[in-house]
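Peer 1: The lines below spell out each chain.
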Amino acid sequence: MKHIVGKVVLLGFQGVGKTALVSRYVEKAFHPQKAPTVGASFFTCKVVKEDHIVTLQIWDTAGQERFKAMAPMFYRNANAALLIFDITSQLSFDSIKMWVQELKGNVEESMMLCVVGNKLDLNDQRQVSREEASAYSKSIDATYLECSAMTDQGVALIFEKLAQGLMRLQGLSSTLKIYEDDIMASSSELEATDIANEETVNVSIGSIAHGNTVNGKCC
Amino acid sequence: MSALEVEPGAAPESGLVTTDTLDNFDEMSCSLEEIKNENDATQEEETNDNTINEQFDDNGVNDNEFVNADEEFELNKEWIGKSKHVFVLSMAGKPIYSRYGNEDKLAWLFGVMQTLVSFTQSSDDCIQSIQAGNTRFVFLVKKPLILVTVSKTRESESQLKMQLHYVFNQITSILTLTRLNKIYEQRQNYDLRRLLSGVERLIDHLLTFSEMESSIMLGAVQCLPLASSVRDTISSAITGACSKIKNLVFAILLANNKLITLVRMKKYCLHPADLHLIFNLVQASESFKNSESWTPLCLPKFDASGFLYGHVSYLSEDCQACLLLLTVERDVFFTLSEAKQKIVEKLRRSNCLEAINESLGNPGESSASAGFVEIRHYLYKCKSTAQFYQPNLSPPYAQSKEPLIEIYKRAHHRLHNVSRPLKLIFERSANEAILAWDTKGFELFVVFEPLIDTSQAIVLIGKLLNWIKKKEERLFHLNAPTF
Ligand SMILES: Nc1nc2c(ncn2[C@@H]2O[C@H](COP(=O)(O)OP(=O)(O)O)[C@@H](O)[C@H]2O)c(=O)[nH]1
Ligand SMILES: [Mg+2]
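Protein chains in written order, with this note's numbering: chain A, 1 to 219; chain B, 220 to 702.
If you are wondering where the hints come from, they were derived from the structure by calculation, not from laboratory data. Glycine included, every Cβ here is placed at the ideal spot set by N, Cα and C. Any given hint might turn out to be false.
[To be verified] Derived DEER-like restraints, expressed as beta-carbon distance ranges:
id, chain 1, residue 1, chain 2, residue 2, range
1, A, HIS31, B, ASN475, 16 to 22 angstroms
2, A, GLY105, B, GLU419, 28 to 34 angstroms
3, B, THR658, A, ASN106, 31 to 37 angstroms
4, A, ILE140, B, LYS301, 45 to 51 angstroms
5, A, GLU132, B, THR339, 54 to 60 angstroms
6, B, ASP423, A, GLN153, 46 to 52 angstroms
7, A, GLU180, B, GLU536, 29 to 35 angstroms
8, A, GLU132, B, LYS465, 28 to 34 angstroms
[Unchecked claim] Partner residues aside, some chain B positions facing chain A, computed with beta carbon under 7 angstroms:
id, residue
9, ASP410
10, ARG412
11, VAL501
12, SER504
13, GLU505
14, SER506
15, SER510
16, SER512
17, TRP513
Please take these sequences and the hints and turn them into a complete structure.
Peer 2: Following this line, the structure appears as structure tokens:
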């Protein structure tokens with residue numbers, strides 16, 4: 001069995017359902033009135049695919065503008081990015097495009113991109129068409145998927161696609177951790193993507209506060 | 220009264236900054252630079268460059284909100300009937316926060332408040348408060364913000380002002396004071412709400428906290444009762460797992476708004492006002508449950524100019540105590556995550572998780588069950604350790620806490636009235652009798668049955684202090700452990 005440990009970052013406008021999506025998958029639950037994420041939350045989960053075990057180390061970031069300066073800490077060295085928008089909000093879709101620009105400008109390693117349109121249960125209030133979203137995703141070489149964290153529709157597929165994407169990254173990415181046997185993987189899982197060791201561009205206390213390390217055109 | 224040699228809850232050293240209520244609330248320390256300079260040479264490249272790169276795009280922000288056609292909208296009975304409104308605005312009069320109603324709809328009101336402030340400032344004065352019938356308007360002008368409360372509660376001006384200070388600190392805690400100032404230096408008309416989305420909840424929660432709990436009034440925190448051996452084991456599990464981690468400043472374990480332990484970097488103490496903000500953050504953020512979080516956090520009393528970074532998590536599914544590991548380094552999540560795992564394993568092995576759960580599940584002693592039937596409730600604060608203790612609520616307050624809080628606030632105000640501070644008050648009404656006593660080492664507020672006579676009350680107070688003294692190891696965090 002091969003064991004892959006990959007880092008995944010969830011990006012997207014506040015309120016699109018990033019936390020709902022990851023908790024739906026990891027905790028198998030949906031909490032409708034949960035308070036917004038503070039800073040970033042860390043989850044891990046395992047996906048078994050063919051002869052691979054893929055451990056996903058997931059950073060669920062807060063979408064609020066004030067946390068934006070923290071984002072590079074989480075997407076740097078990420079092997080995959082889930083770019084989530086709310087199909088009933090054009091604004092949230094536009095926000096995805098800004099994240100993509102930021103990633104392209106700041107991440108050198110190859111990274112799997114996956115665009116997710118959430119809140120499919122609100123299809124009747126849709127503002128972003130499937131065609132538009134999937135054409136855009138194609139243009140940036142990203143997978144496009146739709147789901148509802150509320151009803152669980154399409155959620156598992158996203159994580160399967162993520163696992164498959166990471167499996168395909170083997171050999172293409174120097175930050176992806178691959179172990180031939182399982183025991184080694186579990187003992188070095190943490191240090192594997194330890195941001196403390198791998199962070200190359202330092203974000204100072206000052207710039208965390210003021211968000212000037214990212215030269216992308218966001219905000 | 221029976222003389223105690225040392226007041227209950229006192230300790231040679233305290234992990235919390237000693238407080239005398241309301242004094243020097245403006246004082247803030249600057250500890251971050253110090254820590255960074257002292258504790259590492261590895262971060263030289265950190266230039267602490269404070270230039271801001273705010274993108275001041277004005278999407279959807281309408282500068283003409285002041286002439287709002289919907290003026291009447293919020294002036295309905297329900298809104299007017301609220302017992303306490305709180306508003307925050309910028310010096311330029313831009314709405315930032317309103318406790319009730321939509322700020323945009325209230326732009327006219329923010330305009331009036333700004334005018335009042337700038338009018339008094341133009342004659343080198345500063346507006347403090349206005350009393351109109353039973354309504355009190357209290358202003359706190361704290362650059363770059365203006366905070367106003369309109370209150371029909373019976374809280375005193377200084378208590379209301381204290382709450383405004385807390386609101387200011389809450390905002391600082393999210394942004395840092397440095398950034399807040401920079402923002403308005405760059406653009407007076409900035410709409411701060413775009414940076415504070417989600418923070419309204421924290422401010423709402425903080426205001427309720429200040430109204431429903433005594434801790435902010437007292438400037439102190441309550442501890443979760445635990446055998447001192449258990450508390451020591453918990454502290455040493457934390458020091459054991461963290462002692463090799465550089466730049467860790469505080470480790471705080473809390474549950475149910477009560478402190479379990481606080482371990483700190485040598486030389487540094489935590490101000491209770493900062494700890495209250497942490498309690499508030501934890502209580503108001505369900506998102507900390509079910510996963511580990513990493514968040515920047517500014518503790519304004521500790522250092523208003525920069526962030527600490529916090530690893531925040533609950534101990535385990537079967538023990539709902541929240542652990543915060545606060546460091547000056549922004550990228551050590553995994554180091555702290557590992558330390559947390561070690562701490563939990565140690566606590567589990569030494570049965571501390573059970574001990575915490577047991578204490579959490581136990582409603583605690585009421586005053587009557589401890590043998591003081593004439594005493595309905597009391598607050599005891601040890602000044603040198605900034606901790607307080609109160610028994611479990613019992614009738615007639617078990618159903619509704621508000622009247623009790625109001626009694627305490629009134630007594631507290633009379634004791635600390637700036638123009639005429641008192642040392643001892645004994646006051647009897649048809650409903651209850653209250654004794655308030657301020658000494659060098661402690662503050663005590665006791666609510667008695669109304670028919671108690673003075674001499675009996677004095678005897679009881681002596682007994683009560685002895686009882687607390689006997690239990691102090693359980694009720695207070697007497698050690699101030701360091702990493
Ligand atoms: N109808 C619907 N609501 C959702 C869905 N996913 C999330 N939400 C709601 O959207 C709001 C924001 O969700 P949250 O996960 O906190 O968003 P985040 O800020 O991106 O993490 C919450 O009120 C959720 O209940 C969904 O699939 N359908
Ligand atoms: Mg979230």
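Peer 1: For every hint, state whether the structure bears it out.
Peer 2: Taking the hints in turn, this is what the structure says about them:
no.	hint	verdict
1	A/HIS31 / B/ASN475: 16 to 22 angstroms	holds (20 angstroms)
2	A/GLY105 / B/GLU419: 28 to 34 angstroms	holds (33 angstroms)
3	B/THR658 / A/ASN106: 31 to 37 angstroms	violated (60 angstroms)
4	A/ILE140 / B/LYS301: 45 to 51 angstroms	holds (49 angstroms)
5	A/GLU132 / B/THR339: 54 to 60 angstroms	holds (55 angstroms)
6	B/ASP423 / A/GLN153: 46 to 52 angstroms	violated (34 angstroms)
7	A/GLU180 / B/GLU536: 29 to 35 angstroms	holds (33 angstroms)
8	A/GLU132 / B/LYS465: 28 to 34 angstroms	violated (49 angstroms)
9	ASP410	violated (11 angstroms)
10	ARG412	violated (10 angstroms)
11	VAL501	violated (10 angstroms)
12	SER504	holds (5 angstroms)
13	GLU505	holds (5 angstroms)
14	SER506	holds (5 angstroms)
15	SER510	holds (4 angstroms)
16	SER512	holds (5 angstroms)
17	TRP513	holds (5 angstroms)
Going down the numbered hints, you'll see the structure goes against 3, 6, 8, 9, 10, 11, while the others check out.
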